[in-house]
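Chemist: Given next are the chains, with one letter for each unit.
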Amino acid sequence: MIYFPMAACYSSFTINRLPTKDMKELIKVLIVDDEPSILMSLEFLMKKEGYQVFIARDGSEAMDIIEKEVPSIILLDIMMPNVDGYEVCHSVKNSLRFEHIKVIFLSAKNKEIDMEKGYAVGADLYVTKPFSTRALVAKVNALAINIVTENTKMK
Amino acid sequence: MNSGILIFSSVLYLAFLFVVAYWAEKQAEKGKSLVTNPYIYALSLAVYCTAWTFYGSVGRAVTNGIEFLSVFIGPTLMMPIWWIVLRKIIRICKVQRITSIADFISSRYGKDATLGVLVTLVCIAGILPYIAIQLKAISSSFLIVARSSDNYKENDIFWRDLPFYIAVALSVFTIIFGTRKIDSTERHEGMVTAIAAESIIKLMAFLTTGIFVTYFVFNGFGDIFQKVSQVPDLSKAFVFNNDGDFSSWFWHIFLSMAAIMFLPRQFQVAVVENVNERHLNKAMWLFPLYMLLINIFVIPTALGGEILFANQNVNPDSYVLAIPLKFNQKILTLFTYIGGFSAATSMIIVETIALSVMVSNNLVMPVVLKSKKLQERFKGNLSNLVNNIRRTSIVMIILLAYLYYKTIAEHYSLVSIGMVSFTAVAQFTPAIIGGIFWKGGNRKGALIGLIVGSLIWFYTLVLPSLVGTGFFPKSIMDNGLFGLEFLKPFSLFGLEGMDNISHGLFWSLFFNVGCYSYFSITSKASSIEHNQAVIFVDIFEYSGQIVNSSIWRGTAYIPDIQLLLNNFFGMKRSEKVIRLFAQKNKINLKDEKADPQLVTYAEKLLAGVVGTASARIMISSISKEEKISTEEVISILKSSQELLSANKSLRKKSVELEKATSELKDANEILKRTDKLKDDFLTTVAHEIRTPLTSIRALSEIVFDNPDMEIEERAHFLGTVVKESDRLSRLINQVLDLEKYESGKQKLNKEEVDIQDIIKDSVDTLYQQAKEKGIKIIFIPDRFAPKFEADKDKIIQVVVNLLSNAIKFCQAQKGEITIATHYVEGWIYTSIQDNGTGIDKKFHRLIFDKFFQAEDQTIKKPRGSGLGLAISKKIIELHNGQIWLESQVGKGSKFTFMISAV
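These protein sequence lines are chains A and B, in that order.
Here the first sequence is numbered in our numbering, starting from 407 and rising by one per residue.
Here the second sequence is numbered in our numbering, starting from 77 and rising by one per residue.
The hints are simulated quantities; they were obtained by calculation from the structure and are not laboratory data.
Don't take every hint at face value.
Stated by the list, open to error - Chain A regions said to be covered by chain B (calculated; three or more residues, Cβ under 8 Å):
#: 1; segment: 449–461
#: 2; segment: 505–511
#: 3; segment: 536–542
As the structure is a computational prediction, the values presented were derived from the model and not from experiment.
Every residue gets a Cβ at the ideal spot worked out from N, C-alpha and C, and that includes glycine.
Please construct the entire structure, taking both the sequences and the accompanying hints into account.
Modeler: Printed below as a string of C-alpha cells:
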C-alpha cells in the first residue's frame, strides 16, 4: 500500500476551496540554500504565506530534514557544498516515500543545459536567480493548490 | 762508411715507410683517417722536392747562381691561382672519377682513347729521365758515402750495378706499396701518409746539414758571404748578370708553374689523393713555406762547398754529402744520405704509381677492350689483368729509367734533366687550362697541339742529349735537320740568345697553343666532346648534379652491366653497389632495361678502375647509345639543378608549413583552452554576480511589498542589501583586478618595505572581524628579516586575503590563527596558519586558480569571490616569489608565500 503522508492534512478540505492560511500552515516547505541572505529572504516570504518552513544550509542537512519532516515542497539551490541540489532532487524523486514531493530548483545556473539536467532529475519547476519574489510565491502557491487538489481527488 | 750499414739503413728506412703506410691504412679502416688532416695533404705535396732538389739545388746554385730558385718561385706564385685552377680540376676529377692526367685530358675531349694514349706516352717519355736521375742520385750518394769506407772495392760487380739493384728493390717496394687496391679512385692513404713522412725527413735532413755547414763549419751566413766575397769568381754567380737571365727566369718560373700541377706525381697527390677541397687553403701557404725552408741553406751550402773544395774535383751536386763527410760526421752523413734517399724514393714511388695507372687505363686497357679476341681471353678476369698491367708497368718504367740512366743520364747534371721533364708536362697546359675555361677547345685541337708540342720538345731538348750519346749524327746539332739551318735544335727558326730549356719551351708551347687554338676554332666538336666541355667548364654550376643526372641516352641491359662490373668488383660487391644505387635513386631493378642513371653510374665506377676512356669503351660495348645534343645535356643538367633547388625549396616550404601547422595547432589548442577558461570564467563570474544580486532583489522586493514589517527586521534586511551590494562591487573590482594581472597591465609600485609592518597593517584591518568571531591571532616575527623591495599595498592585499580566509574557515570562539615570518637564505617566508576545516589535498593547487570550481561547477567553493587566492598568487608571482598551501582536512590550513629579500 502506498503511504500518503499528507492524507491527514487534506482530510478536512472541501473540493472547491483555495488553500487558506490554515491549510498552508499544514504544508511543509523546505528551503535549501548556502547563501544566508537568500535563505533569509525565502524564509520570510514562505512564512509570510503561511507555510510551515524548514531551512537547510546544504544538501546533507536537507536530506536529514526531508527524512524527518517529509516536506511537500522543496525550494532547492543547486550549487552547495558536499551534496548538491541535483543529488538531493534525484534521491527524493527516486524514493517511493518522497517521490510526491514537489521540487523547485532555485539556481543562478541559467543555461539551458542546467535546466534540462534539473528537469531530468525530476524537478517540478526550475527558477533562475535572481527571481521575482511575487512570481516565486505565486508558483509555490499554485503548486500548493495542486497538491491539495490531487490529495482531494485521491480521496 | 761501411756499405753494409748503408744498405741496412736504406732497407730499414723502406721498412719504416711501409710501417707508416700500413699503420695509416689500418687507422683509415678504423675510421680515423689521417689524410683528412690538411697538414698531411700539404706535406704530401712536397713530393715535388726530389733528389733533384736535395742534391741538385746546390749543384745548380754553384753553376747558375740563384737561378735554381725559379723552380720554387714558380709553384709559390702558382698558389693563389690554385684556388681557381686546381680546385676546379679536383672537383672535375671527383665528379668524373678521373684518376690521372691522361684520363683528365682524354675525358675532357670526348673520352677519347687516342688522347689518353698520347698523354701517357708523353708522360712516360718525359718522366723516364726524371726517374733515371733519382736512381742516379741514390746510387751516387750511396757511392760517395761508401767510398769513404775502407772495404770499398771500385770494381766489385755489386758496385758497378748498384743502380740496377736499387731499381729492382724499388720496383718491388712500389708494387707492394701501390697496387694492392684496384680502384685507383680509392685513395692510397698509406702511400700519402708515407710520402708526408718522407717530406718531413728530407726537410729535417737538409736543414740539419745546412745548419751544420752554416753554423758549425762556418760562423753563420755572414761568415760564408764574407769569405766568398774574397773569391771574385764566386761572388759573380749571385747577381743577375746578363740580359738573358731575365727571360730564362721567366720561362723557368712558368715551367715550374706548369710542373707543380701537371707532373703525374703532383697530379696524383694534389688531385687524385685529395679528400677535401678545403685542404687547399692550408696547402696554399704551407707548401711555399716548406719550399722556403728547404732552400734556406742551399746558397750557404753551395758557397761553403766551393770554398771547402776549391780546386778539387768534387761534383757540386754532392756537396750536401761531401761536406759532412769531410768533417767525418758519420751520423750526420748517414742522416743526409737518408734524406736524399727519401727524396728520391718518394718521387719514384708516386711517379711510377701514377704512370702505371696511366699505362693500364689509357694505354693497355683500351686496346684490350677494343679487341674481341683479347676480351674473350681475359673475360671475367679483367681486374687481375688491370693489376698485372700496373705491376708490370711499374717494373718496366723503373727498368727503362735504369736503362736511360745507363745510356744517357750519367752524362748530365740533375737539374737539366729535371727541366726537360718539366717541359714535357708543360705541353699539357693548353689542353688542360683551355679545357677547363674554354668550351670551344676540342679534341682535334688538343691532339694536334699536343703532338706538335711534344715533337718540338723532343727535337729541341731530348734529341740533343741523344746526339751526345751517339744515337743521332752530330751534324743535326751543327747544321740542322737535313742540313737546314733554321732547324738547328738549339736555335730553331734562328731564335738565339735563350738557354736551351727556355728555347725549347718557347717553341713547343708556341706551336702547341697555336695548333690547339687554330684547330679548335676551325673544326667541329662531336656531341660527346661538347657535353664533356660543358661539364668541365661549368663544373661548379653542376657539380652537385652530374653525379646524379645522367647525360647518357640509349639502351643497355642490367644483366650486362652487372657482368661488366663483376669483372672488376666481384659478383657480391657489384650486386651490392647496384642495389644501393638503385635504392637511393629509386630505380626499379626488375626492368631488364637499365636506367640511364644506372648506366652512367656504372661507367663512372669503371672509370675509377680503368679510366674514363676504357670505361666508355666497355659501356658502349654493351649498349646501343643514342646521340645526345649539348642543348639536351645543358637542359638535363639545368633541369636536375632546378629540380634539386625546387625540391630543396619545396622541402623547406613543407617543413615551414608543418611547423606553422603545428604552431597553429598549438595556438588553437591554447586558444580553445583559454576560450574554455574564459567561458568558464564568465559563467562563474555571472553566477557569482547573480548570487548577491538575487539576495539584493529578493530582500528589496520584500521590503517594498511589506511596508508594515517590523522595523528591526527591515533594518536587518536593508543592512543585508548593503552588504550584498558591497560584495558585488568587491567582486567586480576583483574581476577587473585579475584581468589587469593576467594581461600584464598591472604594474608594481615598489618601495622598501618591512614584512613586520605589512603584517601589522593587515592584522589591523581585520582585527575587528576576528574579535567579533572570537578568533585569536598570534604573530611570531623574525626580527632578523631585512627590508626588501616590494609593492606594500599589494603584499598587504595578499596577507589580508589569506587572513580573512583563515578567519572565515575558523570556528567561532575556537579559532586560532598563527602568522609567522622567517628569513632564510635571502628569502622572506610568511605563513598564515589556521585551525579551521582544512582543505583536501587534491585542491591544494587548484585553489589558486580563479574560480577553480569552474572545472566542476557543483563543487562549491568556500564563500568568497573565488578570486582572492588567484589574485594573491598573481601578486606574489609578480614579485618573483611563490605561494603554496599545506593542509589536511580537519587539521587546518597553512598558506605560505616567499619573496626574495635581495
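Chemist: Against this structure, judge whether each hint is valid.
Modeler: Going through the hints against the structure:
{"no.": "1", "hint": "449–461", "in the structure": "holds (count 3)"}
{"no.": "2", "hint": "505–511", "in the structure": "violated (count 0)"}
{"no.": "3", "hint": "536–542", "in the structure": "holds (count 5)"}
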